[in-house]
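Note that the protein sequences, when read in sequence, are chains U and G. So for the first sequence, this note's numbering puts the first residue at 1; every next one is plus one. So for the second sequence, this note's numbering puts the first residue at 1001; every next one is plus one.
Heads up, a few of these hints could be off.
To be verified - Using C-beta positions, here's what the derived DEER-type ranges look like: (1) U:43 x G:1017: 45 to 53 Å; (2) G:1022 x U:17: 23 to 31 Å; (3) U:208 x G:1017: 40 to 48 Å; (4) G:1425 x U:311: 47 to 55 Å; (5) G:1183 x U:20: 33 to 41 Å; (6) G:1460 x U:180: 46 to 54 Å; (7) U:6 x G:1183: 24 to 32 Å; (8) U:151 x G:1425: 48 to 56 Å; (9) G:1105 x U:165: 52 to 60 Å; (10) G:1413 x U:283: 54 to 62 Å; (11) G:1021 x U:143: 27 to 35 Å; (12) U:143 x G:1381: 49 to 57 Å; (13) G:1189 x U:43: 40 to 48 Å; (14) G:1017 x U:49: 31 to 39 Å.
Unchecked claim - Beyond 12 Å from chain G on every Cβ pair, some chain U residues (computed): (15) 135; (16) 199; (17) 264.
By construction, these hints were calculated from the structure, which means they are not laboratory data. Ideal placement from N, C-alpha and C gives every residue a C-beta, glycine not left out.
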Amino acid sequence: MSKKIILNCIKIGVCLLILTALLLRTAYVVRDKQYTSVQDNFRQLPKDSVDVVFIGQSHCFCSIDPNLLADEYGIESFMLATSAQTVPMSYYAAKEAIECQHPKKIVMEVAYCANDFRTVEDGMTHAFFDGMPNGKAKKEAIKDLIDKEDRIYYYLNFGMYHTRWKDLTEDDYKSNLTMKRGEYYSEDVFSNWDYPVVAADEKKNMPEEMERYMDLLVELCKEENVELILFCAPFGIQDDFDDRREDLKERQRIFNYIEDYAKEKNVRYYNLFNELDSIYEYGLNDETDWKDSQHLNASGQKKLTRYMAEKGYFD
Amino acid sequence: MMFNTLSFLIFFPLVVLIYFIIPKKIRYIWLLVASYYFYMSWVPQYGILLFVSTFITYAGGLLIDKIKSKGGRKAILIASLLANFSMLFVFKYFGFSIDTINSVLSRINVSVIEVPFTIVLPMGISFYIFQAVGYLIDVYREETKAQKNFFKYALFVSFFPQLVAGPIERSGNLLNQIGNIENIKVFNAKRIQDGFMIMLFGYFMKMIISDRAKIFVDMVYHEGEYSKFVGLIPIIATILFAIQIYCDFAGYTYIAIGAAKIMGFELMNNFNTPYLAVSITDFWSRWHISLTNWFKDYLYIPLGGNRKGKVRKYINIFIVFLLSGLWHGASWHFVAWGVIHGVMRIVDDLTAKLRDKIYSKLGFKEDDFGLKIYKMTVTFILVCLAWVFFRAQSVGQAVSIIKNMFKWNPWVLTDGSLLNVALDAKEMNVLIVALAILLIVDICRYRNVKLLELFAKQNWIFKGSIIIVTIMAILLFGIYGSNYNAASFIYFQF
Chain U
1 MSKKIILNCI KIGVCLLILT ALLLRTAYVV RDKQYTSVQD NFRQLPKDSV DVVFIGQSHC
61 FCSIDPNLLA DEYGIESFML ATSAQTVPMS YYAAKEAIEC QHPKKIVMEV AYCANDFRTV
121 EDGMTHAFFD GMPNGKAKKE AIKDLIDKED RIYYYLNFGM YHTRWKDLTE DDYKSNLTMK
181 RGEYYSEDVF SNWDYPVVAA DEKKNMPEEM ERYMDLLVEL CKEENVELIL FCAPFGIQDD
241 FDDRREDLKE RQRIFNYIED YAKEKNVRYY NLFNELDSIY EYGLNDETDW KDSQHLNASG
301 QKKLTRYMAE KGYFD
Chain G
1001 MMFNTLSFLI FFPLVVLIYF IIPKKIRYIW LLVASYYFYM SWVPQYGILL FVSTFITYAG
1061 GLLIDKIKSK GGRKAILIAS LLANFSMLFV FKYFGFSIDT INSVLSRINV SVIEVPFTIV
1121 LPMGISFYIF QAVGYLIDVY REETKAQKNF FKYALFVSFF PQLVAGPIER SGNLLNQIGN
1181 IENIKVFNAK RIQDGFMIML FGYFMKMIIS DRAKIFVDMV YHEGEYSKFV GLIPIIATIL
1241 FAIQIYCDFA GYTYIAIGAA KIMGFELMNN FNTPYLAVSI TDFWSRWHIS LTNWFKDYLY
1301 IPLGGNRKGK VRKYINIFIV FLLSGLWHGA SWHFVAWGVI HGVMRIVDDL TAKLRDKIYS
1361 KLGFKEDDFG LKIYKMTVTF ILVCLAWVFF RAQSVGQAVS IIKNMFKWNP WVLTDGSLLN
1421 VALDAKEMNV LIVALAILLI VDICRYRNVK LLELFAKQNW IFKGSIIIVT IMAILLFGIY
1481 GSNYNAASFI YFQF
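Construct the entire structure; sequences and hints are all you get.
Below, the structure is given as structure tokens:
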């Protein structure tokens, strides 16, 4: 090979290196850290420093405050729940949790057991996958849940986030992330909360595919010697439309069914819809403690976290 | 497969790499396979259509070459042309014809004709059929020899960089190069660098400018929304459409030219700074040059061109533009666009001397800078007015949009309304900066500054920096990603 060709190859190599470095850094800067930094933080924790990992969707991170659990009850936990995390996604979140930390307990909020979704809209699914480390769990999850032609976009996700160039703030350039335990707090107040409650013996099977993933999750936790705890956080309806009321009733029937399912699998399950009176007694206030019809705000979150901790649900 | 997809960014380097490695003798076979794969990745069945058109024109070319009698040659030419244009008619104009007949019949209360199937327009059918037909006519006129190697000819018709949106190549150029493919020097650093830079510029035009302008245009021209926008908003949307279609089509062409160049093929230039044209005639010598030349050589001149008197000349011009409108789409608003350009082209020709007289009476010199700017502005306004008919979904919508333009509301520029339409201030800023870069490049090209030569002379650090910055800018500011509808290159539909 002539000297000139070698020199040209070196020049191209240098340019490619600079381009790759720039791309990697830019990809980090533009990434939506509101979601992905949760998993980033999780990975940065010292090995085996987390006792409890929470999985599930927004109802979970709006209901539980992991900082309060650590400060007041000495429970070292981490919130791996993400927006619209479906049951299959939760199964892979549990896999990731075990891969990175091997916690003693995994606590799952089960509201999405009533939804027959493997994944949800693009943005939410990306938020979940893009935060996952490029490990075995991520590979398996992408292979299982994402259509073949879309998989590449989950490995090369720059295309998803590049439009954030116009929303970048100083925090986006920082490498040190601020959320310690994946916590989420909202100060919004929604005072028109309403809900129907069906009788505890009204039951309906959860969708077959979701039950299959729940089985996988139960099996995984047993194999890995991790205790699985299920709970269902209460949520309401925004408007008094009969169809929404009916929809919530249908969901509650599924949450009641999970009671039987959990018993059969020898898993602890707390259906908080059936404990609403006690929770109100404990201080939950419909006028001040909801962020919207579906989610608790920071005040409600603290009350529910204390209620569950004092009842020993995470012991 | 679109040029601005991840699939193409994997496909192209792979094709080039293998093309560089394999023996010279089978290179054209490899490119043919790659081209059919490229085309069939949309709708595999339409590969058959491409093959049929290729086979008919290939066989037609050989027969014309072989037969000595003029009548026989003509008969074969006509039969081959009929077969090709019939395919074009069925796949592109059948639905339009039935709709037109139905609308006439419904006016006289006759029940409409029902078609029990729908035809999906095959990507780029107008381009490759015109290219194949052009070859056949060249063989008939003995301007080119019939290609005996079927696979080389098939590659000429299906060459993937220019298959679906041109440039519509001529046998004298591309077929000759394919014929001599064994002699193309495979690895040439300067050629690859040039090709890569041309491709990058194409991506810059398409992804940063065209697709960004499209967001604004689509909002203002939306069928249910357009009546809401008046005054400066539809005017700005129309100017942005002029920019969108230029950057879309020229962007595609640059990617095609660059990709072909990397592999050692020189495609013809399809755009030469069209919005710096000083008249409609000048515009058509700069816009979609390959189609203009095709119509000139295979329609205008056979119709008699300017050899049969002024009236006949103008009729010929009108026919060319009418068909050019129809070529762009099976819809009356495309026909209207063609007719408008035909009329403007004729008026331009008729008034050229009078205008020159007026300018000289006013004391303007021919090379007067101000006069040139004035002419460019007037031409651009006329072209934009015609674009309204091209972009609108119907002639009625186009007329309404033009009417809405005459409402006075300059305050939209300052009260924030403009930025509430579809593009916020940050997006607008990116668009303006990108347009400034495009304008500088176009002015350089207009003044015959050889930018690629200039670039090649720079040291590697400068060149590397420019390439890295351009790639980063496209990746960061380009419109693409999972929410992007790859519907994309406007000219694919033709």
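Hints and how they fare:
{"no.": "1", "hint": "U:43 x G:1017: 45 to 53 Å", "verdict": "36 Å, violated"}
{"no.": "2", "hint": "G:1022 x U:17: 23 to 31 Å", "verdict": "30 Å, holds"}
{"no.": "3", "hint": "U:208 x G:1017: 40 to 48 Å", "verdict": "47 Å, holds"}
{"no.": "4", "hint": "G:1425 x U:311: 47 to 55 Å", "verdict": "53 Å, holds"}
{"no.": "5", "hint": "G:1183 x U:20: 33 to 41 Å", "verdict": "37 Å, holds"}
{"no.": "6", "hint": "G:1460 x U:180: 46 to 54 Å", "verdict": "47 Å, holds"}
{"no.": "7", "hint": "U:6 x G:1183: 24 to 32 Å", "verdict": "28 Å, holds"}
{"no.": "8", "hint": "U:151 x G:1425: 48 to 56 Å", "verdict": "36 Å, violated"}
{"no.": "9", "hint": "G:1105 x U:165: 52 to 60 Å", "verdict": "55 Å, holds"}
{"no.": "10", "hint": "G:1413 x U:283: 54 to 62 Å", "verdict": "56 Å, holds"}
{"no.": "11", "hint": "G:1021 x U:143: 27 to 35 Å", "verdict": "32 Å, holds"}
{"no.": "12", "hint": "U:143 x G:1381: 49 to 57 Å", "verdict": "56 Å, holds"}
{"no.": "13", "hint": "G:1189 x U:43: 40 to 48 Å", "verdict": "43 Å, holds"}
{"no.": "14", "hint": "G:1017 x U:49: 31 to 39 Å", "verdict": "48 Å, violated"}
{"no.": "15", "hint": "135", "verdict": "23 Å, holds"}
{"no.": "16", "hint": "199", "verdict": "44 Å, holds"}
{"no.": "17", "hint": "264", "verdict": "40 Å, holds"}
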